[in-house]
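Peer 1: So the chains spell out like this:
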Amino acid sequence: MKAQTFDVKSVFKLGGLGGFTLLYLSLVGLVSNFVTRDVISKTMSLSFAFVIITTFLFGYLTARRTSRRNWFYAVGGGVMSGAIGIACLIILVLLTAPLNLQAVFVNASPALIKVLTFGKEPFTAGLLPLTGWAVVSSLTGAMVYMLPPNIRRAVIAGVVAVIAIGTLAQLLSDVVENIFALLGNKRASGALLKIFFAKKGLSVSGAAIIFVLTILVSAFSAWRKQIVAAKEQSGAAQTQTPKEIKIAVWIVSLLVILLLPNIFGSYLSEIVVTVAIYTLMGFGLNIVVGFAGLLDLGYVAFFAIGAYTMALLTSNQMGQTTELVNTGLSFWAALPISIGVAVLWGIILGVPVLRMRGDYLAIVTLGFGEIIRVLALSNFLQPKIGGAQGILGIAKPVVFGYELVSSQQLYYLVVAAALLAAYVSWRMRDSRAGRSWMAMREDEDVAEAMGINLIKTKLLAFATGAAFSGFAGAIFAAKLGSIYPASFNLLVSINVLSLIIVGGIGSLPGVVIGAVALVGLPELLREFSEFRMLIFGALLVGMMLFKPEGFWPAAAQKRELHEFESEEVEAHPASEAA
Amino acid sequence: MTILSAKHVTKRFGGLVAVNDVSVEIAEQSIFSVIGPNGAGKTTFFNCITGFYTPEEGDIIFRGEHIRGIPADHITRQGISRTYQNIRLFANMTAIENILVGQEPQLKSHWLGAIFNTPGTRREEEYAHKEARRMLRFVSLRGMGDHLAKNLPYGAQRRLEIARALASRPKLLLLDEPTAGMNPNETAEMTDFIKMIRDELGITILLIEHDMRVVMGISDWITVLDYGAKIAEGNPEEIRRNPRVIEAYLGTGAAGLAKPA
Amino acid sequence: MRLNLKNLSIVDSLLWLIRVVVIVLVLWGSIAGLTSGRVDGEGWGQFFVRCTTSTDVGTIQCMGKYSAETWRDFFIFGLAQGGIYALIALGYTLVYGVLFMINFAHGEVFMSGAFTAYFVAASFSDSGFMDQNPVLALGVVMLVSMVTSTIVAVLLERIAYRPLRRAPRLVPLITAIGASYFLQYTFRGLYGSGKKVYPDVAILTGKWMVFGIPILKTQVVVFVAAVILMVGLYYFVQKTKTGKAMRAVAEDKDVAMLMGIDVDRVIVITFATGAAMAGAAGVLYGLLFKQVDFIMGFIPGIKAFTAAVLGGIGNIPGAMVGGLFLGIFESVGPSLFLEGLGVPAAYQLKDVIAFTMLVLVLIFRPSGIMGQNLSDKKA
Amino acid sequence: MAMLELENVHSYYGNIHALKGISLTVDEGEIVTLIGANGAGKSSTLRTISGILHPKRGSVKFEGKNLTEYPAHQVVGLGISQVPEGRGVFARLTVRENLEMGAFVRTDKEGINEDIEKGFALFPRLKERQNQVAGTLSGGEQQMLAMARALMARPKLLLLDEPSMGLAPILVDSIFQTIVDINKTGTTILLVEQNALMALQTAHRGYVIQTGEIVLSDSAVALQSNEMVQSAYLGH
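First to last, the sequence lines map onto chains A, B, C and D.
Numbering of the first sequence is given in our numbering, commencing with residue 1 and proceeding in unit increments.
Numbering of the second sequence is given in our numbering, commencing with residue 1 and proceeding in unit increments.
Numbering of the third sequence is given in our numbering, commencing with residue 1 and proceeding in unit increments.
Numbering of the fourth sequence is given in our numbering, commencing with residue 1 and proceeding in unit increments.
For the record, the hints were derived by calculation from the structure and aren't laboratory data.
Hints are not guaranteed to be accurate.
[Stated by the list, open to error] Derived coverage of chain A by chain C (criterion: at least 3 residues anywhere in the stretch with Cβ under 8 Å from a Cβ of chain C; other residues may be distant):
#1 104 to 115
#2 358 to 366
[What the hints assert, rightly or not] Derived pair list, reagent style DSSO-like, types lysine-lysine, alpha-carbon separation capped at 30 Å:
#3 C:K253 to A:K547
#4 C:K241 to D:K127
#5 D:K56 to D:K156
#6 B:K150 to B:K195
#7 C:K253 to D:K156
#8 D:K127 to C:K239
By construction, the Cβ of each residue, glycine as well, lies at the ideal position given by its N, Cα and C atoms.
Input sequences plus hints: build the corresponding full structure.
Peer 2: Below you can see the structure in the form of structure tokens.
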């Protein structure tokens with residue numbers, strides 16, 4: 001055991017790490033680029049929030065490491081950690097005067113200095129409030145750590161809620177407005193919005209209300225959990241959710257799904273459609289990677305093939321940009337062909353890689369994806385598929401004489417497709433084919449020794465995956481009305497793979513969650529577009545380090561499904577040999 | 001009646017001859033053991049029979065059919081299944097799912113049937129699940145069906161692996177060191193269990209085993225491999241007395257070795 | 001060996017078919033390309049005699065639409081670019097050899113060095129130091145690049161890979177992909193998204209006569225530097241104690257530990273060595289191609305990986321040979337057989353050649369040109 | 001005081017409880033053998049001593065030092081070498097390089113060269129093949145190399161994991177003879193074996209291990225005549 005003294009070394013280490021993080025955030029541009037983006041109107045910009053959150057976090061971590069639940073140490077650690085962290089940043093600011101840092105670091109700009117010094121001149125004076133804020137927030141972080149666990153969790157939830165809602169304020173206020181509009185009560189919405197939202201970001205009152213509400217809700221749910229846990233311990237039978245409630249939940253979800261475009265408005269619907277297209281692809285790749293364990297990094301190829309087939313078959317401008325002629329097919333006639341062609345290519349590309357495993361398979365499929373993209377872009381195929389100019393004038397789907405043009409209309413088509421894919425995935429997973437995939441994923445040699453035909457099983461996975469991807473591609477082409485090779489780069493493959501992993505590999509709800517998290521959120525945070533990939537990369541690494549099983553792991557779901565059988569175990573205690 | 005005969009089977013890896021001109025005749029419903037020191041080629045010989053490797057030379061005939069060079073899954077469908085020296089269950093699948101995979105050669109339903117949930121598929125699935133539970137009971141794993149295979153205790157994993165192999169309704173079962181890592185009691189139970197498989201299900205058993213008590217206790221016939229070649233065969237009594245076997249495998253004792261001071 | 005038709009499955013037949021088609025396409029394309037210089041009405045015999053006996057190779061159009069000099073230049077450029085691929089490939093091969101993991105972010109390690117060193121090179125160039133003392137200046141630039149790459153790689157190993165050493169193989173691969181994007185966009189954030197142009201070095205402009213052949217000085221320097229580094233690395237791995245420990249760790253980590261080798265340290269050294277090579281390659285890339293930006297690591301990274309696979313991943317001389325081979329193939333290939341096949345703007349497809357080679361090698365000879373089959377060993 | 005002392009050691013591989021409270025001692029100058037069935041925990045015991053496996057409970061003391069506090073790569077420096085199961089020679093390194101790796105923790109170049117020569121004297125076959133890669137050696141030669149390599153660290157205690165595994169009987173005799181010779185030069189030996197007969201004839205004392213527990217310990221002579229050992233491990 002270490003001596004019960006104040007661990008100065010750790011404080012310096014964490015303070016230094018905090019400083020490094022602050023420098024990183026500043027130099028990479030996250031601090032200087034969101035000055036005008038208010039989380040809480042006129043009180044806290046997102047730029048400043050980055051600084052505060054970082055010092056808060058490192059204050060918290062310092063306390064966790066060094067306080068030993070001693071308030072005195074916690075205060076000391078928090079203050080020191082914050083001071084050390086902010087010192088790094090101050091050095092950066094001071095260095096900008098004699099050195100032209102901006103020549104190398106583009107973000108060591110006057111804008112950054114302005115944020116950090118609150119626009120005060122000379123900036124040495126401006127650094128005082130910065131230091132003050134940093135130390136206070138670091139200290140707060142340390143104090144929060146000292147709170148009892150339940151309260152601590154509630155407070156952190158409150159902070160997270162305020163920042164999250166504040167960041168998405170504009171969109172959320174639109175949604176609220178739409179909901180009230182649906183209910184036909186505009187005036188109420190106006191009043192409500194005024195309490196919570198200012199012109200930019202949350203209003204101060206809104207922030208306070210949200211903070212308090214979140215704390216209350218969080219505390220309540222913790223309290224309920226305790227009661228449930230106590231009940232379980234006392235041996236009470238688990239309360240089954242009544243059937244009526246289940247039905248009600250189904251009806252409400254159905255209604256929400258149907259009304260979503262109206263609630264969300266056109267901008268959010270656009271995002272939902274994109275998310276749904278990725279979900280559709282995700283279900284496909286989930287079969288290939290999640291079920292069958294075949295790591296495919298060239299999945300975008302089938303998306304491209306589906307899209308190009310749809311484009312070639314339905315474009316009304318074929319004769320003009322390419323040598324091919326108009327076929328004049330409708331979306332619905334071209335759809336099965338697009339899927340079929342994708343499936344065909346799934347098999348064609350699948351055959352040569354049948355003997356390949358793991359990393360090698362990943363790289364070969366990546367190679368396939370890139371080959372297809374470069375070919376699509378080349379002059380070589382330009383006379384056929386338009387080269388870099390792509391293909392324009394792709395037909396829109398027509399339903400009962402209505403042309404689905406806007407995202408709010410296409411929404412239904414995409415969601416239906418995604419639901420279909422989910423259904424097929426679900427049915428196949430729990431069937432003989434699904435078990436063969438999983439066996440193959442676990443141990444290919446043994447699977448074969450059990451009588452599974454690896455060739456058929458693998459090709460079925462590739463083909464199903466390609467079908468969903470081709471489906472998604474066809475819809476994508478119809479949605480945009482024009483396609484370009486640039487839309488089919490490696491990033492799409494990586495995105496889809498990442499979303500199924502972040503959601504929980506092999507898990508069907510995981511695909512949806514992953515798509516919302518990795519496709520939806522970045523779309524929502526348009527201002528972040530410059531930093532989207534940065535956050536994406538960091539998220540992937542963090543996810544693999546801390547939660548490699550994903551947000552909704554497949555195993556947990558399995559346990560739920562088999563609840564009944566677990567009871568049997570308890571009824572007949574293990575009869576294996578002692 | 002011979003169920004499987006291997007004739008002059010030879011398998012090489014580069015310069016190494018792992019199995020060298022081995023011939024065996026396995027009688028139906030017998031327990032046939034292969035013994036020999038580590039690296040003698042016993043497991044490679046198993047892999048040749050199950051189609052994981054294709055031997056360069058020789059022939060393997062199972063119930064009148066030539067099976068040399070046929071893909072492993074086809075061989076399983078013809079009625080040979082196996083377990084592994086270092087248990088190779090599908091670790092992240094449940095016990096029941098492991099057995100269901102083992103039933104593969106018995107199942108006929110098509111994936112389209114699964115998607116449309118046809119009555120035929122449903123019936124087959126129901127039957128398969130029932131059979132799998134029956135098999136679990138047979139290997140005394142009743143109630144363990146929903147545990148992930150990797151979470152089962154060692155002995156249970158061994159038995160589950162046998163259950164998975166039995167699920168394909170084999171005529172010939174290959175067991176690769178089924179008692180490895182077991183204490184004498186567990187070993188005795190396993191020995192009885194192997195006998196029971198043969199007696200109750202009428203399945204021929206081909207066994208690799210190091211534990212001489214198991215081998216001598218239950219084998220009808222024993223083949224001894226050393227450096228890939230067959231050096232002896234016979235019934236347990238003959239093997240026990242065979243000088244070559246004593247020299248190569250059972251041990252001659254340390255004649256001439258000085259005791260340390 | 002007798003061919004047993006019964007055993008030849010559909011898959012095998014298809015694979016054979018692909019092989020044959022590729023070989024036919026390449027041969028046909030090459031022949032068509034090389035003989036396209038035949039004048040109308042000229043007989044094959046005449047053509048052959050004219051081309052083989054003529055001494056004035058520069059003017060007579062024998063080999064397609066290019067002169068022999070052009071072919072030679074293609075070849076030499078291929079060597080220089082291949083040297084860079086080979087240097088980067090060493091990093092993949094070293095790490096794969098030791099950890100059996102594809103360090104997908106290695107291309108970004110390369111980029112980080114090249115991108116950072118640009119600022120040093122630019123300031124040297126602006127201050128005139130580069131022209132006064134070019135050797136020293138370039139040495140410093142290279143050192144900065146190598147150190148930056150090394151730091152990035154060591155951090156990467158420590159933060160992203162080490163905790164995952166016992167995780168299923170998919171996990172570190174995904175981590176590497178994430179790290180790859182993270183690094184790209186970190187450097188974009190730090191240095192901006194624009195392309196930076198490496199300064200010209202006065203002593204490296206123009207050509208040298210090497211064995212009577214005029215070659216661009218940069219190409220000579222790039223190639224020679226690459227060869228020196230590779231030989232140095234080979235010596236390091238073969239002869240030094242640390243190098244031997246690396247090979248020991250590559251074979252068996254537990255046994256290496258029993259020998260008293262600090263496996264973690266050796267793995268860090270492995271990453272650092274590979275990164276230093278990539279950093280050096282970064283500066284050479286700057287000299288050869290002039291432009292650097294945050295996204296520059298991706299394509300050379302994949303190409304270098306191809307080179308590593310081509311030579312047999314895990315095999316150091318293999319990586320060198322694979323790099324040079326790929327560099328030459330990519331430089332000569334489009335004009336040689338793609339144009340012969342009548343593909344317009346064939347140079348656009350040079351990446352397709354590289355990727356096709358990667359795919360074909362992995363499908364047909366995953367052990368690479370000179371490696372033994374690692375996947376067999378692991379099975 | 002015993003040179004090596006394990007007390008109530010519990011080790012795990014993931015969820016598998018490999019060692020369930022192993023206690024044993026090895027005194028200086030002894031040959032002690034640990035016999036037991038495949039998977040009984042013999043190798044796990046050695047791996048725990050050399051630090052590759054970290055015990056969850058219990059103590060491992062070597063010359064009074066607590067081995068569990070040292071990372072695996074520092075254990076060699078304390079004077080413990082292991083010949084791993086399956087020999088574990090570095091197949092792609094030459095014989096000489098393998099020996100150099102054995103002396104990794106040492107820095108005295110001359111001493112190392114001297115010891116390499118000593119190793120060659122012990123196993124003349126290795127000298128002939130010193131520049132060959134180890135993968136091309138026969139099983140017996142690899143075993144010799146593994147033993148010579150382990151001696152390169154000048155260990156006080158040598159751990160041998162199944163040195164006779166998979167070897168031709170004639171080689172087994174000579175390997176065990178070498179073990180005795182090594183012991184006579186003053187190296188203490190802990191020998192793990194499946195070939196119980198040979199092991200007990202070579203060792204001074206023995207322990208019998210079953211499913212992670214020591215079930216019997218006695219002098220080697222007494223164990224040879226023990227009924228349970230005879231029936232379970234000697235095949236009488």
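Peer 1: Each of the hints needs a verdict: does it hold here or not?
Peer 2: Checked hints:
1. Note: the region 104 to 115 of chain A has 4 residues with beta-carbon separation from chain C under 8 Å; the three-residue rule is met and the coverage holds.
2. Here's how the region 358 to 366 of chain A fares: 7 of its residues keep a CB closer than 8 Å to some CB of chain C, so the rule of at least three is met and the hint holds.
3. Between the alpha carbons of K253 (chain C) and K547 (chain A) the distance comes to roughly 26 Å, so the proposed pair stays at or under 30 Å and holds.
4. Under the criterion of a C-alpha separation no larger than 30 Å, the hint pairing K241 (chain C) with K127 (chain D) is consistent with the structure, at around 21 Å.
5. Between K56 (chain D) and K156 (chain D), the direct Cα distance comes to roughly 26 Å. Compliance with the 30 Å bound is thereby established for this hinted pair.
6. Between the alpha carbons of K150 (chain B) and K195 (chain B) the distance comes to roughly 27 Å, so the proposed pair stays at or under 30 Å and holds.
7. A distance of roughly 23 Å separates the Cα atoms of K253 (chain C) and K156 (chain D); the hinted pair therefore holds under the 30 Å criterion.
8. Annotation: proposed proximity of K127 (chain D) to K239 (chain C) holds, straight-line Cα distance about 20 Å (limit 30 Å).
Of the numbered hints listed earlier, not one is contradicted by the structure.
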